[in-house]
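Undergrad: Residue numbers are given in our numbering: position 461 of the sequence shown equals residue 712, and the series is strictly consecutive.
Source of the hints: derived by calculation from the structure; they are not laboratory data.
Worth double-checking, as some hints may not be accurate.
Listed next, the in silico BS3-like pairs over lysine-lysine satisfying Cα-Cα at most 25 Å (straight line) [claimed, not checked]:
hint, residue 1, residue 2
1, Lys317, Lys355
2, Lys652, Lys292
3, Lys1022, Lys765
4, Lys461, Lys447
5, Lys747, Lys474
6, Lys401, Lys420
7, Lys652, Lys677
8, Lys401, Lys447
9, Lys837, Lys1056
10, Lys658, Lys299
11, Lys505, Lys447
12, Lys699, Lys711
13, Lys560, Lys292
14, Lys765, Lys779
15, Lys368, Lys355
Pair ranges (Cβ atoms, derived) [unchecked claim]:
hint, residue 1, residue 2, range
16, Ile933, Phe863, 21 to 27 Å
17, Val669, Trp526, 37 to 43 Å
18, Leu333, Trp706, 41 to 47 Å
19, Glu749, Ser694, 45 to 51 Å
20, Met324, Glu595, 37 to 43 Å
21, Leu1012, Ile868, 26 to 32 Å
22, Lys699, Glu749, 43 to 49 Å
23, Asp757, Ile868, 54 to 60 Å
24, Met324, Lys505, 49 to 55 Å
25, Ser694, Leu333, 43 to 49 Å
Don't be surprised by glycine CBs; every beta carbon is placed ideally from N, CA and C.
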Amino acid sequence: MAERMVHITKDALKKLTYGDWHHRVLTKHYQHVLAFIFAVKNINENLKVLPNITLGFRIHDKYSGKWTYHTTMELFSPVNRLIPNYKCDTKDNVISVIGALYPKISLDMSHILAVYKVPQFVYSSLPKMEKKTQIISLYEMVPNQEHWYKGICLLLSHFRWTWIGVLVKEDEIEGFQQNIMSMFSQYMVCVEFLEKLKPFFISTIFDEIKQLLEVYEAIMNSKTNAVIVYDQNVLLLRVLLYLPQMEEVFTKPKAKVWILVSELDLASYIFQRGWDMQVLHGALSFAAYSNEVPGFQTFIRNRNHLFVKEDLFVREVWEQTFGCDYPTSSVNEDSICTGEERLESLPAALFEMSMTGHSYSIYNSVSAVGYALHDMQSSLQKYRLLKKGGKLYFQDQQPWKLHYYLKKVSFNNSAGDVISFDMNRKLLVGFDIINWIIFPNQSLHRRKVGKLDPWAPQEKMLMINDNAITWHSSINQIIPTSVCSVSCHPGYFKQKQEEKPPCCYDCIVCPEGKWSGLNDAEDCSGCKEDQYASKDKTSCIPKRVTSLTYEEPLGIVLTIVALSFFLFTAMIFGIFLKHHHTPIVKANNRDLTYILLISLQLCFLCSLQFLFRPGVIICLFRQITFGLIFSVAVSCILAKTIIVVLAFLATKPGSRMKKWVGKQLATFIVLSCSLVQAVICILWLAKTPPFPDADMMSVTEEIILECNEGSVFMFYCILSYMGFLAAASFIVAFLARKLPSTFNEAKLITFSMLVFCSVWLAFIPAYLSTKGKYVVAVEIFSILASSAGLLSCIFLPKCYIILLKPELNQRELLTQRKY
252 MAERMVHITK DALKKLTYGD WHHRVLTKHY QHVLAFIFAV KNINENLKVL PNITLGFRIH
312 DKYSGKWTYH TTMELFSPVN RLIPNYKCDT KDNVISVIGA LYPKISLDMS HILAVYKVPQ
372 FVYSSLPKME KKTQIISLYE MVPNQEHWYK GICLLLSHFR WTWIGVLVKE DEIEGFQQNI
432 MSMFSQYMVC VEFLEKLKPF FISTIFDEIK QLLEVYEAIM NSKTNAVIVY DQNVLLLRVL
492 LYLPQMEEVF TKPKAKVWIL VSELDLASYI FQRGWDMQVL HGALSFAAYS NEVPGFQTFI
552 RNRNHLFVKE DLFVREVWEQ TFGCDYPTSS VNEDSICTGE ERLESLPAAL FEMSMTGHSY
612 SIYNSVSAVG YALHDMQSSL QKYRLLKKGG KLYFQDQQPW KLHYYLKKVS FNNSAGDVIS
672 FDMNRKLLVG FDIINWIIFP NQSLHRRKVG KLDPWAPQEK MLMINDNAIT WHSSINQIIP
732 TSVCSVSCHP GYFKQKQEEK PPCCYDCIVC PEGKWSGLND AEDCSGCKED QYASKDKTSC
792 IPKRVTSLTY EEPLGIVLTI VALSFFLFTA MIFGIFLKHH HTPIVKANNR DLTYILLISL
852 QLCFLCSLQF LFRPGVIICL FRQITFGLIF SVAVSCILAK TIIVVLAFLA TKPGSRMKKW
912 VGKQLATFIV LSCSLVQAVI CILWLAKTPP FPDADMMSVT EEIILECNEG SVFMFYCILS
972 YMGFLAAASF IVAFLARKLP STFNEAKLIT FSMLVFCSVW LAFIPAYLST KGKYVVAVEI
1032 FSILASSAGL LSCIFLPKCY IILLKPELNQ RELLTQRKY
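Based on the sequences and whatever the hints tell you, model everything.
TA: Written out as structure tokens, the structure reads:
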């Protein structure tokens, strides 16, 4: 039966050295040794894996430095002698090495093992190495530190902890800043304080208390509730939190969420047994993925630990843990260890019965070696590459040949997990997220509350069951918060506070027209043109599409007013037609009077086209018809005024003005003045005609359907020309207001033009300052008001005479009275 050797190297967790202070910490990690022995035992008992082959092992426990290299070289030397490359016992061949717990020691070992191409299984997180410096003999059983850094950031992001504190071991602060501090900015995480944990000596411990008190005050006075502890043991952290029991402190202890480096962080020491661990209740840590291996706890319970001679660690474990003396001839029988002591009776801070992440990685490492050897043996049997006396000498195979089979190995371990490596010799495994629950009796329970899968997509890399987490009893929140500033609700955005980190900000209400629908929005967003921001600035609401039409109240009122004035004008026109033979109707050109009345009727009617929904036809002609009709009306008034002046001049003896007084002049004036306005309208239509448009900006909550004038200049040209005609009529009428004539219309025209000009002068500022559909209402009102002014000032006095004072409507009065 051949025997192969698997070596596991444990670093000096056996010693805790701070100057002259030495304490053993092996108890907590004794499980690693038992897991290794259990794994080898399972492989040897499984005849389907390695029939006729027995795995042997040797366990070394050395600290870092030169002892690491010394111990590694012993693997290639005869037993108990350091003569590298000389092996006289072929049955004691090294085929693989498992270790170590600390990354630095693992890398130191790899420098030698890589030369011999011996597979090395590492169950600690290694720092990321460049391709040039990667060691081809390393097999990583847990994700490297880069994934742990990413996991910390994802954990902080998951709980929205953006304001944190950090405690770093003094000799690791540079690496921490290089590796993880730069990642915090990507996840908008700010560090409130970064404190060093300095090692202290027992001889100067009281001098070091001052420094620890400063750190304690910084932690307890901080605003943050989440503190990362970047140290592979919690000796200093527990001393720090025990200070209120040792010294008078001015700041009361506050509950914090401690985020620990790994599962080692709660390793307890013998001298700390009586210290309260409740301050660490609710802590979170990342641990190498583990699963419960069937039979492991039974193996621990049934093993006669104390009397296994090959177990060189059990003596220290028993003496440290149970406070008894290892049985020898020189010890007192009263304090002797009996072997009846049970590891399962120890608190979890000293020893755990459930397989931890590191123990599980060791178990998988041994299993991987066993299955790879199985594949190698099957290959040798199949092809019979080496024969001697009809037998295959498996022990002659060199360890470097095992790499080929390790790269391809894939199997289900006893826990049901698939074990295989990727092309970079990394085990496809992630981290467990552990919630540490510490009961009042100081017993400890590790609860898995999530996992980190480095190979999953970004959004599924971290999975956490928030409801499974137990927080410190002093934290009265479902999930603790750790922020510099409270979260900004939707409708607000963050504004950075001056001279403070970006995590400190003020919440400012979104400006008018903008919104934010998320918490902690960096800026507010503008709504689309057809939407507007709600009152609370949290969403966009579609704008109402509106326009001034005859269907809404204001439109109905304007329609009634326009039709009323139209009917009233028609009634006056009827009165004038009925009394067309009377002098007051005949005076001052009866035909112009009829044309003026018809124009005013059309003016009232043309206002109605502004109450139709804007369309191509409506937009093209409503301003044009308004301009032309009003030009005809004002032209008639101008013609009447000129005729009054000419008629007076014609009555003078020897005047030549008689030939100018007649219908031809009136017709010429009306046609010529109207033709100029028609030319302006044609140029407008030819160059930039009006078109249907939607005004989305004038009114916040509405989209106003309107007619875009196309050219504002041409629109004001029409108004200006109308103003010119009105001004000319006003001036001429004002000058002729005192001419002797019973039916002199100059006074009436003066007042009508004064009203007309006043209305349209007021229209311009009102038109420019009004928004939305009320712009149309202003224009309709101006049309109705100016038309009503002309109608009232010119025709109501005449109607009064016709209907109520017929005695004044006599031809004789044209020369006898001054009216």
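Undergrad: Identify every previously stated hint that the structure contradicts and give their numbers, smallest first.
TA: Violated hints: none at all, because every hint is consistent with the structure.
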